[in-house]
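Student: Just so you know, the protein sequences line up as chains C and W, in that order. Start counting the first sequence at 223; every next residue gets the next number (my numbering). Start counting the second sequence at 766; every next residue gets the next number (my numbering).
Treat the hints as calculated values from the structure; they're not laboratory data. Errors might be hidden in some of the hints.
[Claimed, not checked] Computed far set for chain W versus chain C, every beta-carbon distance over 12 Å: (1) T904; (2) S905; (3) A1018; (4) L1035.
[Unchecked claim] So, partial list: chain C residues that the calculated Cβ filter (under 10 Å) puts toward chain W: (5) F285; (6) E289; (7) G331; (8) S333; (9) T335; (10) M384; (11) L387; (12) S388; (13) Q390; (14) T399; (15) L409; (16) A411; (17) S415; (18) V416; (19) Q417; (20) N424.
Backbone N, C-alpha and C define an ideal beta-carbon position, used for all residues, glycine too.
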Amino acid sequence: MSQLSQLVGINKITTENSGLEITTTSGQLLVSNDTSVQMTNGTVNGVTNFFLGGVNITSQLAFGGGELGGYLTARDEDIPSALSSLDQLAYSISTQVNAQNNAGTDLDGVSGTKDAPLNIFNEPTAVSGSAANMSVVMTDPNHIAAAGLNDGTGDSSNAIAMAGLSEQQILNGQTPTDYYSNFVSTLGATVSSVQTENTAQNASVTQLQTQNDALSSVNLDDEASSMTTLERSYQAASQVLTMLNTIMAAALNLGDQTTVS
Amino acid sequence: MRVDPNYVTNLVSSLDQSQATEQQLTSELSSGVSITSLSQNPVASGENVLLLNQIQQDDSFTQSSSLVTSQLQVADSTLGSVVTQLTQAISLATSANNGTMNVSDVKSIGNQLSGILDEVQSLANTNYQGQYIFAGGQTSTTPFTTSSGATTYDGDEDTNYLETPNGQKIQLNVPGDQIFLSSGTNSVFGALNSLIADYSTGTVDASQAISDTESLGTALSFVSQQRVTIDNSISQLGSASDAMTNEQTQLIAAQTNLMQADVAQVSTQLSLSETQQTALEDVIAQLNSTSNDLFSKLPQ
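So here's chain C without its partners, still in its complex pose (with noise of 0.2 Å):
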């Protein structure tokens, strides 16, 4: 049980007649006295998914705790929460700096058009993905359109423009370099305290273990002295034994010390 509850988060129940039930900190049932329900694997969209009987309990198990939990818990969460800020981060600067550099002109004198644009990164569709995504796709410099719509060749409006995009509150109320250095700061700040918590959990499972191990382990030494007394005991009986053994002969054979030994 003690690998099992290191694997999954259980529960232990006593039933009448003394028997043993064991389900997960979320209620299913793996054990029931003698039978027990086989939990099996299956890929759901790409991604390992866990069941019971039957019945897809992935979710349940990321918050029932032990090593399983801990894995789903950082798979289905703590990731995908941190690639959701990148990839948000990722979809602002591409878009608006891909709309910035299509309200100029570029050196060639051309602006950028909803079926011609001149976009510098790879414009994203969605949200998710667009960190995964990002790359430079302009291979032209003369496609940097530095020029304001309309205004000549040698105009720099536009460029001036695009600098300022980084002291714009673009995302969700902050300029893009505040937005990372929050998440790096909240990324940090998670990790930490999960270490934390680790290192107090650790120290408790010690402690638990160590007044465990003092009921119900065994001491060599009590052990030894145990069994040297018993071991003595058990040559005293066997003395007595032989004893025993002698004096009856002794009366079988009534003084004469041939007939029996």
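Place chain W on chain C using the hints.
Tutor: Using the frame of chain C, we list chain W on its own:
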């Protein structure tokens, strides 16, 4: 309450922890960086992002500033050459106006002035790295052309500014028509074209020629004034650039303080940690020795 006979195994987890601490301190010492992962100091990591961003912006400005300063210096020396040419033109015109020259000499002065006009026009059409610097925003088109005794401007009035990280705006160009084709007596090309026309026949209409020569003088002063705008921009850029370099140095120092390992402190911690670890290992070795077991005392 019995004593836990297995406390030695619990010491092993302490040993693991102690080893992990020692490894972390060693890597901190060898890399010189006190924060190798975000969780060690989340607030400092966040602050580091902000500092790095500011440092990059200052660096960006310093680079832009040096590129632009080169262009401004080209503009400044071009205008210097223009002033030289115009001074020469004025002295030629003055000599033609004094009434001592014959027709062919006057015509020759006219030709020389023509040459000076071509030179000044070519200076006004200076191209720096593929851009006409006196064309306003129309930097792909040649700004000045002369035909039939008149010079026309094909640029525009667009002026560009460079904004320093602390918000100061520095003008980067002066449109050509403001320098060379300004109104009335300030127009360089106007005065030159008039003088060339005055001397073309070889006979000088004194009052006209003198008036046009005075115009040329006024135009020359005007060019010098325009030159001041460009000189101001050069010195403003120089100061701003120095200020940014200083700021960058300070920011880098701040960032170093934030992220750098304090070698003395880390060495002390490392030495303590090593002592702790050695002590733990000794304790475990002692406790684990099987000769303490009563079984070994029993006769075999």
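Student: So, for every hint listed, does it hold in this structure?
Tutor: Consistency of the hints with the structure:
no.	hint	in the structure
1	T904	violated (3 Å)
2	S905	violated (5 Å)
3	A1018	holds (20 Å)
4	L1035	holds (20 Å)
5	F285	violated (23 Å)
6	E289	violated (17 Å)
7	G331	holds (7 Å)
8	S333	violated (15 Å)
9	T335	violated (21 Å)
10	M384	violated (13 Å)
11	L387	violated (13 Å)
12	S388	holds (8 Å)
13	Q390	violated (14 Å)
14	T399	holds (5 Å)
15	L409	holds (6 Å)
16	A411	holds (4 Å)
17	S415	holds (9 Å)
18	V416	holds (8 Å)
19	Q417	holds (6 Å)
20	N424	holds (7 Å)
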